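K.L.:
Here is what each chain is made of, one letter per residue.
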Amino acid sequence: MLNQIIFGYFAVTMISLALIVITRKNIMHSIVYMLILFFHIAGLYLFLNAEFLAAIQIIVYAGAIMVLFLFVIMLLNLREELRKSRFAITWPIGAIFVVLSAVMIIISVFGNRFANVGNVKISDIEKVGHTVAVGKLLFVEYLFPFEVASLILLVAIVGAIVLAKKEIK
Amino acid sequence: MIPKCYLFIPFLPLVSFVFNMLFGKRVLKDKAHLVPIVAVSGSLFFSFVVLIYVLFGNLVNEDLYTWVKSGDFKVSIGFLIDELTAVMLIVVSTVSLLVHVYSIGYMHGDERYSRFFAYLSLFTFSMLMLVMSNNFLQLYFGWEAVGLSSYFLIGFWYEKKSASDAAKKAFIVNRFGDFGFGLGVILLFITFGTLHYVPIFSDVELIKGQVFSFLGMDMDVATLIALLLFCGAVGKSAQLPLHTWLPDAMEGPTPVSALIHAATMVTAGVFLVARANPIFSLSPTALTVVALTGGITAIFAATIALVQNDIKRIIAYSTISQLGYMFVACGVGAYASGIFHLYTHAFFKALLFLCAGSVMHAMSGETNIQKMGGLKEHMPYTYWTMLIASLSIAGVPGFAGFFSKDDILWRAFASGTFTGKFVWFLCTVGAMLTAFYTFRIIFLTFHGTFRGTKEEKKHLHESPQNMTMPLVVLAGGSVLAGYVGIPVILGGNEWFSEFLSPVVGYAEGHGGHLAEFIVMLLSVIVAGFGIYGAYYIYLKRIDIANSAKETFKPIYNILYGKYYVDELYEYMVQRTILRFTKYVIEKVIDSWIIEGIVNGVPAAIGWLSMKVRRVQTGVVGHYSLAMALGFFVLTIMIVFKIWN
Amino acid sequence: MVSLDWYVVLSLIIFFIGMFGFLSRRNIIMMLISIELMLNAVNISFVAYSHYIGDMAGHIMVFLIIAVAASEAAIGLALVILMVRNKETIFVDGLKELKW
Amino acid sequence: MQVPDLIPVVPEILMTILVLSLLVIDLFIKQKEYIAVYTVVGSLLVIISVFYCTGVTFKGMFVADSYSIFFKMIFLINVIFAAIISVEYLKKRASLYGEYYVLLVFATIGMMIMASAGNLIVLYLGLELMALSTYVLAGIIRTDGLSTEAAVKYFLLGAFSSAILLYGISLLYGITGSLDIREIGLYIAKEGIINNKLLLLGLVFFITSFGFKIAAAPFHMWTPDVYHGAPTSITAFMSVGPKAAAFAIFGRVFMIVFPALSGSWVNLLIPIAILTMAVGNIVALAQTNIKRMLAYSSIAHAGYALLGIIAASNEGLSAMMNYMLIYLFMNVGAFILVIMLNNQAKVGDSIHDYRGLSKSNPLAAFLMLIIMFSLTGIPPTAGFMGKLYLFMAVVNAGYGWLAVVAVIFSAISAFYYLRIVMFMFMNESIEEVKLSLVDVNGLLLIIVVFMVLFIGVNPQPFVELARLAIL
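First to last, the sequence lines map onto chains A, B, C and D.
Numbering of the first sequence is given in our numbering, commencing with residue 21 and proceeding in unit increments.
Numbering of the second sequence is given in our numbering, commencing with residue 17 and proceeding in unit increments.
Numbering of the third sequence is given in our numbering, commencing with residue 108 and proceeding in unit increments.
Numbering of the fourth sequence is given in our numbering, commencing with residue 13 and proceeding in unit increments.
Everything labelled a hint here was simulated from the structure, so no lab data went into it.
Since the model is a prediction, treat every value here as computed from it, not as a measurement.
Be aware that a few hints might be false.
Just some of the chain D residues that point at chain C, by a computed CB distance under 7 Å [as the list claims (entries may be wrong)]: (1) 140; (2) 161; (3) 167; (4) 168; (5) 191; (6) 237; (7) 241; (8) 271; (9) 272; (10) 275.
Virtual Cβ for every residue (Gly too), placed ideally from N, Cα, C.
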C-alpha cells in the first residue's frame with residue numbers, strides 16, 4: 021500500500037510538473053520546474069533500486085544540462101521574447117494528435133505481457149552496491165557503447181566550438 | 017563447338033563503325049572506306065569459317081554476356097549459330113562486302129563519305145547481331161537497330177525533302193509492325209518465362225491448345241504469338257498492308273537500296289518466321305494468314321511493277337513481290353524453300369539494284385526508264401550482269417532464281433491445302449508478271465534507241481571498275497547460287513533443304529514426280545511468255561505499249577497509281593481520322609478533352625506540384641506536426657488493423 | 108508492489124507531454140527542453156523495465172542516454188547561439204527563408 | 013578478465029585514429045588541402061581493412077558481417093568523394109578546415125557503427141554520433157543564415173526523431189527483455205507474440221524515426237530545407253551517407269528483429285513508400301533551385317529503395333543495397349557539377365544557370381546528361397538497373413501494382429530531370445562559364461560517370477556482391 025501511495029505521489033507530481041514545464045511563458049520558470057521534476061525522477065529511480073542513476077540524474081541532468089540551459093538563456097537576454105505568444109497557432113492540432121496517439125497506446129499497455137527473463141536479482145545489486153554493479157557492467161560487457169559515447173562527447177565538444185565561436189578574420 | 021572467332025563477325029563492323037565515327041571526318045576523309053571494307057571482309061571470312069564448322073555439325077548456343085539476371089528473368093547477349101544462321105551470315109556479309117566495295121565508286125566525292133560508310137557498318141553490325149541472336153530480346157534490339165540504321169541511310173541525303181520524308185515514312189510504318197512484334201515478345205515471355213530460343217522451342221508443344229483471354233475473347237496462344245510476330249515481319253518485309261514505305265525508301269543511295277532494302281534487312285521478316293517456325297507450325301491459322309499475305313502481296317506488287325517507270329521503284333516492287341514468295345513458302349510450311357529463295361534473291365536482287373545504280377550513275381541520276389534505251393553498247397558489263405540477274409529472277413532454267421522459285425511453287429502446290437493451291441496459282445501468275453516487268457526494264461533501258469537528251473548521251477559511260485567488279489561477282493552468284501538446291505527430279509538431292517532441316521524441319525509434300533515436273537514446266541512456260549511479251553511489246557511493236565495503255569486506261573491508272581494505297585492511307589489519316597478528330601474537338605467537346613489530355617496531365621501535375629510544395633512552409637512546427645500526423649496515422653493503422 | 112503497467116503509462120504520459128511541448132512551443136529553447144522531457148520519459152521506462160525484468164542493460168542504456176542528452180544539449184544550445192546571432196530571433200517560426 | 017576480440021572493430025579504430033590525428037594535425041598544417049588528402053588516403057586504407065576485419069565481437073554487440081561491409085564500403089566511398097569535392101568549395105567559404113574533415117570522419121564512424129550494430133544501444137549511439145556530426149556540418153558556414161537555418165531545423169527534428177526511436181527501443185526492451193537484435197528476434201519468434209499490440213506499436217516508433225532518417229514522407233519535411241541550406245558539399249555527403257546508414261539499420265532491424273511481423277509492417281510501409289514517391293517526384297517538378305530539386309529527388313529515391321524493404325525478402329534487401337550503391341554514384345555525380353558551378357563566383361543554384369551549358373562546356377554537359385538519365389532510370393545507365401532490380405523484387409513479392417505505381421512516378425521524374433538536360437542543351441547561355449574538367453572535381457565526375465555507365469552495362473558483379481552480402 022505504501023508503495024502505491026508513494027508511486028501515486030510521484031506520478032501525479034511528475035505529470036503536473038511536466039505540464040507546467042511546457043506551458044510556462046518564462047523559460048526561467050520552466051527550467052526551475054524542470055529541475056524539480058528531475059529531482060522527482062531521481063526519487064523514482066531510488067524507488068526502483070537505481071541509486072547510481074539517481075545520482076547521475078541530479079549531477080548531470082540537473083547540475084550540468086539544466087545549468088547549461090540557464091547559462092545560455094542568461095547569455096541571450098530574452099526579455100523581449102516574453103511578450104510574444106508562446107504557442108504556435110497550430111497547437112490544438114498537435115494536441116489532438118498527441119492525445120489520441122497517447123490514449124491509443126496507453127490502452128494497449130494494460131494487460132500486456134512484458135518480459136520477465138532477466139537473471140539479475142535486486143539482492144545481488146544491493147550486495148555490491150548499484151554503482152559497482154553498473155560500473156562493472158559498463159566496463160566489461162558494455163565497453164563498446166561506452167567508447168562510442170566518448171566519441172559522441174568529443175563530437176559535442178568539437179561541434180559546439182565550431183558552431184558557437186565567433187568568426188575570426 | 018565453334019571457336020570464339022565467330023565473335024569477329026558482328027564486332028568487326030562495330031569497330032569500324034566506331035572508328036569511322038571518331039576519325040572518319042577529320043583523319044580518313046576519302047580513305048574512309050578502308051576500315052569498313054577490311055572489317056566486312058573479315059566478317060565474310062569468318063562467316064565462311066563458321067559455315068565450314070556448321071557443315072561439320074558444330075553448332076553454337078551460348079550466352080556471351082549476361083546483362084541482367086534475376087530469378088527467371090534474364091537479359092543476355094548470346095549467340096546461336098546453326099544452319100539457318102550460317103546461311104544468313106553468308107548472305108549478309110557477302111552482299112554487305114560487295115555493297116561496301118561498290119559504294120567506293122558510287123559515293124565518291126560525297127560530302128559525308130565517311131559517315132556513309134559508318135552507317136553501312138552500323139547496319140551490317142545490327143543485321144549480324146539480329147541473325148546471330150539466341151533470344152528474342154536481342155533479336156528485337158537488332159530489329160530496331162537495323163530499322164534505325166535504315167532510317168539514317170534512307171534519309172542520308174536529308175537535304176532532299178523527299179529523302180527525309182521517305183525516312184520518316186519508313187520509320188512510322190515500321191512502328192505499326194514493331195508494336196505487334198513487341199507485344200509478341202512480351203507475350204512469349206509471359207507464356208514461357210524466358211526469351212531464349214532453345215527453351216522456348218523445346219517447350220513449344222506445351223502451349224498447344226492453351227488459350228489467352230483478353231477482353232473477354234479467347235485466343236489460341238500459339239496463333240496469337242505467331243500473328244503478333246508476323247506483324248513485325250509484315251512491317252519489316254514490306255508486305256501488304258504495310259508495304260508503302262519500301263518504294264519510297266528508294267530515295268536513299270542505291271547501294272543502300274541494294275543492301276538493306278533488297279538483300280538483307282527486308283528479309284529479316286522471313287528470317288523471323290523461319291526462326292520461329294516451331295511456333296508458326298503450331299497454328300494452321302497463322303500459317304494460312306502468312307501464306308495468303310505472301311501470295312496476295314506477290315501478285316499485287318508485281319502488277320504495280322508492270323507499269324512503273326522509275327527503274328528503282330520497279331525493282332522495289334519486285335522486291336516486295338519476291339518477299340511475298342518467301343512468305344508463301346513459309347506459310348505452306350516449306351521454310352527451307354523460303355530461306356533458299358531469300359538466299360538466291362539476295363544475289364540477283366542486289367545485282368539488279370547495283371546495275372540500276374550503275375545505270376543511274378551513267379545517266380547522271382536519271383531514273384525514268386522511258387528516257388533511256390540502247391545503253392547496251394555503252395555499258396557492256398552492266399548490261400550483261402543485269403541480263404543475268406533478270407534471267408535469274410524470271411526463273412529461266414539454269415539460273416539461281418529458277419531453282420528457288422520453282423521450289424516454292426512446287427511446295428505450295430504440294431502442300432495439299434486449298435490455300436496452298438490458291439497461292440500457287442497467284443505465284444504462277446506472278447512469275448509471268450515478274451518475267452515481264454524485269455525484261456521490260458532490260459528492253460527499255462538497254463535496247464532500242466536512246467531517248468534521253470544529247471548531253472546525257474555524250475555523258476554515257478561504263479562505271480568504274482570498283483563498281484563493275486561487284487556486279488560480276490554477284491552475277492556469278494546469281495547463276496551459281498541455285499546449284500546447292502537442285503530438286504530431285506532434275507537429278508539433284510535438294511541439299512539445301514536437307515542442310516536446313518535440323519532447324520526448320522521438312523515440308524509436307526503430296527504428289528509425285530510427274531506433278532512436280534508439270535508445275536516446273538508450267539512456271540518455265542509462263543516465264544517464257546512473260547519475256548516474250550516484254551520483247552514483243554517493248555522491242556518489236558513499240559506502238560502496242562501505248563495503244564494498250566490507252567485501251568486499258570482505267571487499269572493502267574490504277575496500277576500506275578499503285579492501287580492508290582498511299583492515297584488511301586493518306587485519305588484515311590488526313591481526311592477521316594484527322595477530320596473526325598477535328599470535328600469531335602471543335603463541335604462536340606469544344607476542345608477541352610483532348611487539350612485536357614495532351615496538356616492537362618503535365619499541367620495537372622505541375623499544378624499539384626505548385627500546391628503541394630506550399631505544404632513545405634519552412635516552419636519547423638509544421639514539419640514536426642507532419643511527423644506527428646504520420647505517427648498518429650500509423651498508430652491508428654496498427655490499433656485498428658485497417659488492412660484487414 | 109506497483110505493477111509495471113503504471114510505470115509504462117507514467118512514462119508514456121510524460122513522453123507525450125514532451126511531444127506536445129515540442130509540437131506546440133515556438134521557442135527553440137522550450138523545444139529543446141521538451142526533447143529533454145521526452146528523453147527523461149524514456150529513461151523512466153528503461154529503469155522500470157530493468158527493475159521488473161531483472162536485467163541491467165536498461166540502466167546502462169539510461170546512463171548512455173544521459174551522456175547523449177548532454178551532447179545534444181551542448182550542440183543544440185550552440186545552435187541557439189548561432190541562430191540568435193544570425194537570425195536575431197529565438198522563435199523557430201522566424202526561420203522561413205528555406206521553404207517550398 | 014579477457015580482452016574482447018578487436019579484429020572486427022579495426023576499421024572503426026583506424027577511423028578513430030584518423031580523426032584524432034586530424035584534430036592534432038590541423039593545428040600544425042598551414043596548407044589545409046593536405047588535410048583533405050590525409051582524410052582521403054586514410055579512408056582508402058580503411059576501405060581495404062574493412063574487407064579483412066570480419067566477425068562478431070563485444071558479445072554480439074558489434075557485427076562485422078558481409079552486410080555491414082557492403083554498407084561500410086558505401087560510407088567510405090562517400091566520405092572520400094565528399095572530402096575531395098569539399099576542397100575547392102571550402103576554400104571559397106569557410107575558414108574552418110580541420111574541424112570540417114574531423115566531423116566528416118566522425119559522421120562516417122557513426123554510420124559504420126550503425127551498419128555493424130548488433131545491439132540497439134550500439135545502434136542508437138552510432139546513429140547519434142552520425143546525426144550530431146551532420147547537424148554541425150549542416151551549419152558549419154557560420155556566417156551564412158541559410159546554413160544556420162538548415163542546421164537548426166535538422167537538429168530539432170533529428171533530436172525529436174531520435175527521442176521517438178528511443179521510446180521504441182524501450183518498448184522493445186520491455187516486451188522482450190533484451191537489447192540484442194538477434195535475441196529480440198529469437199524471443200519474438202519463440203514466444204510467437206506477433207499479435208502483441210504494444211510490440212506492433214513499437215513498430216510505429218521505429219518506422220517514424222527510421223522514416224525520418226531516410227526522408228520518407230510524411231517524415232521527410234526537413235529534407236528539402238536542410239539540403240538546400242547546407243553547404244553543397246555537405247548536401248552531397250548527407251544525401252547518401254546517412255540515408256544509406258538508415259537503410260542499413262532499417263534492413264537489419266526489420267529483417268532480424270521483426271521478420272515475424274512482416275505482415276504488419278509491410279502494410280505500414282506501402283502507403284509510406286507511395287506517398288514518398290509521390291511527394292518527391294511531384295514537388296520536384298516545381299523547383300527552380302537545383303539543390304532543392306535534388307533534395308526532392310532524393311526523397312523520391314528513398315521511396316524507390318523502400319520498395320526493397322517492402323519486398324521483405326533477401327532479394328528485396330539486396331536490391332535495396334544495390335540501389336544505395338548506385339545512388340551513391342549518381343547522386344554524387346549530380347552534386348559534383350552543382351559544386352563546380354557553385355565554385356564559379358557568378359553562378360548560383362538556380363536551374364536557369366544551366367542554360368546553354370552544352371555550348372560552353374560540352375563534355376561537362378554530356379556527363380551531366382548521363383547522370384540525369386541515370387537518375388531518371390533510362391538504360392543503359394546504373395539507375396535503370398537499380399530500379400529494375402527493386403521493381404522486380406517487389407513484383408516477386410506479390411506487389412505488382414506497387415511496381416506499376418513506382419514506374420509511373422519514375423516516368424513523372426523524367427520531367428524534372430530531363431528539364432535540366434533541356435536547359436543545358438536547348439538554350440543559349442546567359443553567363444559564359446568555363447568549367448575545367450582537369451581538376452580533381454572534373455576527374456571525379458568522369459570517374460563517377462564511368463561507374464554509372466559501367467554498372468549499367470555490367471551490373472552482374474555488383475548485384476552478386478549485394479546478393480552475397482545479405483544477412
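K.L.:
Under the constraints set out in the numbered hints, which ones does this structure not fulfil?
P.N.:
8, 9 and 10
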